[in-house]
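Student: Next come the chains, spelled out residue by residue.
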Amino acid sequence: MILGKVVGTVWATRKDESLTGLKFQIVKHVDLEYNLKDNFLIAVDSVGAGVGEIVLVATGSSARLTAVTKNKPVDAVIMAIVDKLDVVSD
Amino acid sequence: MILGKVVGTVWATRKDESLTGLKFQIVKHVDLEYNLKDNFLIAVDSVGAGVGEIVLVATGSSARLTAVTKNKPVDAVIMAIVDKLDVVSD
Amino acid sequence: MILGKVVGTVWATRKDESLTGLKFQIVKHVDLEYNLKDNFLIAVDSVGAGVGEIVLVATGSSARLTAVTKNKPVDAVIMAIVDKLDVVSD
Amino acid sequence: MILGKVVGTVWATRKDESLTGLKFQIVKHVDLEYNLKDNFLIAVDSVGAGVGEIVLVATGSSARLTAVTKNKPVDAVIMAIVDKLDVVSD
Amino acid sequence: MILGKVVGTVWATRKDESLTGLKFQIVKHVDLEYNLKDNFLIAVDSVGAGVGEIVLVATGSSARLTAVTKNKPVDAVIMAIVDKLDVVSD
Numbered sequence: 001m002i003l004g005k006v007v008g009t010v011w012a013t014r015k016d017e018s019l020t021g022l023k024f025q026i027v028k029h030v031d032l033e034y035n036l037k038d039n040f041l042i043a044v045d046s047v048g049a050g051v052g053e054i055v056l057v058a059t060g061s062s063a064r065l066t067a068v069t070k071n072k073p074v075d076a077v078i079m080a081i082v083d084k085l086d087v088v089s090d
Numbered sequence: 001m002i003l004g005k006v007v008g009t010v011w012a013t014r015k016d017e018s019l020t021g022l023k024f025q026i027v028k029h030v031d032l033e034y035n036l037k038d039n040f041l042i043a044v045d046s047v048g049a050g051v052g053e054i055v056l057v058a059t060g061s062s063a064r065l066t067a068v069t070k071n072k073p074v075d076a077v078i079m080a081i082v083d084k085l086d087v088v089s090d
Numbered sequence: 001m002i003l004g005k006v007v008g009t010v011w012a013t014r015k016d017e018s019l020t021g022l023k024f025q026i027v028k029h030v031d032l033e034y035n036l037k038d039n040f041l042i043a044v045d046s047v048g049a050g051v052g053e054i055v056l057v058a059t060g061s062s063a064r065l066t067a068v069t070k071n072k073p074v075d076a077v078i079m080a081i082v083d084k085l086d087v088v089s090d
Numbered sequence: 001m002i003l004g005k006v007v008g009t010v011w012a013t014r015k016d017e018s019l020t021g022l023k024f025q026i027v028k029h030v031d032l033e034y035n036l037k038d039n040f041l042i043a044v045d046s047v048g049a050g051v052g053e054i055v056l057v058a059t060g061s062s063a064r065l066t067a068v069t070k071n072k073p074v075d076a077v078i079m080a081i082v083d084k085l086d087v088v089s090d
Numbered sequence: 001m002i003l004g005k006v007v008g009t010v011w012a013t014r015k016d017e018s019l020t021g022l023k024f025q026i027v028k029h030v031d032l033e034y035n036l037k038d039n040f041l042i043a044v045d046s047v048g049a050g051v052g053e054i055v056l057v058a059t060g061s062s063a064r065l066t067a068v069t070k071n072k073p074v075d076a077v078i079m080a081i082v083d084k085l086d087v088v089s090d
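Chains as they are written, first to last, in the UniProt record's numbering: chain A, 1 to 90; chain B, 1 to 90; chain C, 1 to 90; chain D, 1 to 90; chain E, 1 to 90.
Everything labelled a hint here was simulated from the structure, so no lab data went into it.
No false leads were slipped in.
One copy or any two copies: either way a pair holds, since identical chains are not told apart in the list.
No farther apart than 20 Å at their CA atoms in a straight line, the calculated lysine to aspartate or glutamate pairs in the DMTMM-like style are these:
#, residue 1, residue 2
1, Lys-28, Glu-53
2, Lys-84, Glu-17
3, Lys-84, Glu-33
4, Lys-70, Glu-17
5, Lys-23, Asp-86
Sequences and hints are given; from them, build the entire structure.
Tutor: Following this line, the structure appears as structure tokens:
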């Protein structure tokens with residue numbers, strides 16, 4: 001999975017009809033100190049993640065394995081909100 | 001999903017027969033201020049996206065989860081046209 | 001999909017038996033002016049694409065959605081030969 | 001598969017309910033001398049891999065082919081703990 | 001597919017039980033003159049590829065479409081041993 005931070009939301013009224021009601025969040029990749037990286041992706045939220053939260057994003061076909069994204073043209077889903085990381089220094 | 005801008009169209013008469021009638025759009029990646037990046041991909045349009053529009057592209061097997069791409073050798077589909085982004089500054 | 005140019009062929013007699021008879025083409029990525037990039041991949045041809053032709057390549061599980069690649073260990077297929085691009089300048 | 005080293009753990013109480021009980025490990029990519037690289041990913045552990053161990057990670061839909069990740073929104077799984085590498089110098 | 005060279009083997013006794021008996025080969029990417037590149041991946045061998053051989057690797061779900069990798073948590077498989085390349089100069 002990708003470790004990221006929610007930095008915003010995408011609004012799109014003209015979309016595949018199966019996507020109505022889904023929340024499209026802008027997620028920037030972060031490093032292990034939560035510093036923002038440049039790359040970002042758009043992910044459907046499935047756990048109520050708000051702007052500013054650190055999250056895990058599953059991509060590819062696995063993104064369709066939640067109740068809200070099942071059988072939909074979605075390739076990235078927020079499936080966890082991170083409490084904390086335990087990282088052993090190198 | 002990828003955030004991108006439609007910058008053109010690919011014309012291809014010799015193709016897998018299941019692809020007849022599909023529109024192949026050239027989509028350049030954009031950043032959160034809609035500035036074009038170098039990388040691009042070719043995606044089938046499923047929502048009537050025209051040149052110049054900002055769109056969301058789903059890739060991989062999820063690209064086959066729209067009516068027009070179902071069961072076809074397609075790995076990228078335009079599945080939403082973006083109205084606007086709400087981005088919280090860093 | 002990837003925009004690419006066929007630059008050669010791979011010959012491999014010792015291979016998974018389901019791959020017998022398939023043509024493995026070397027496809028270099030190109031930019032929107034058809035200039036060759038460094039990265040390349042090997043793709044099965046499904047539309048009779050010859051060396052020098054500009055093509056579209058579908059990758060991942062979508063590569064198995066043509067008659068010649070169905071249920072085979074193939075992750076990239078040439079599924080269209082490009083006639084032309086209409087690109088709107090930036 | 002990816003060759004990596006477990007460098008920590010992610011704790012997340014608010015997550016897709018199907019993920020309860022799974023262990024999310026932070027895995028940094030390593031080179032063939034086990035030197036850490038910058039890029040990392042989050043993978044579910046399926047073989048009891050602890051911090052400091054060198055592991056193999058399967059990604060994409062293949063990540064769902066273990067007992068603990070079956071049908072879950074998971075795109076990376078630790079499926080082996082490495083004993084050793086035999087590498088022929090260039 | 002990826003063009004690569006087998007440069008070694010991974011030994012792992014503690015692994016998903018479905019992986020018992022599989023051979024995990026270290027495959028470095030090569031260019032069209034067979035020069036080694038830095039990036040490498042670990043792939044299951046399905047055609048008896050030995051160290052030093054030039055091979056094709058299929059990744060993603062397609063990696064599970066061989067007899068030895070079917071339904072297993074494997075995302076890369078060696079599915080052909082290359083005899084030769086015919087490359088047309090740029």
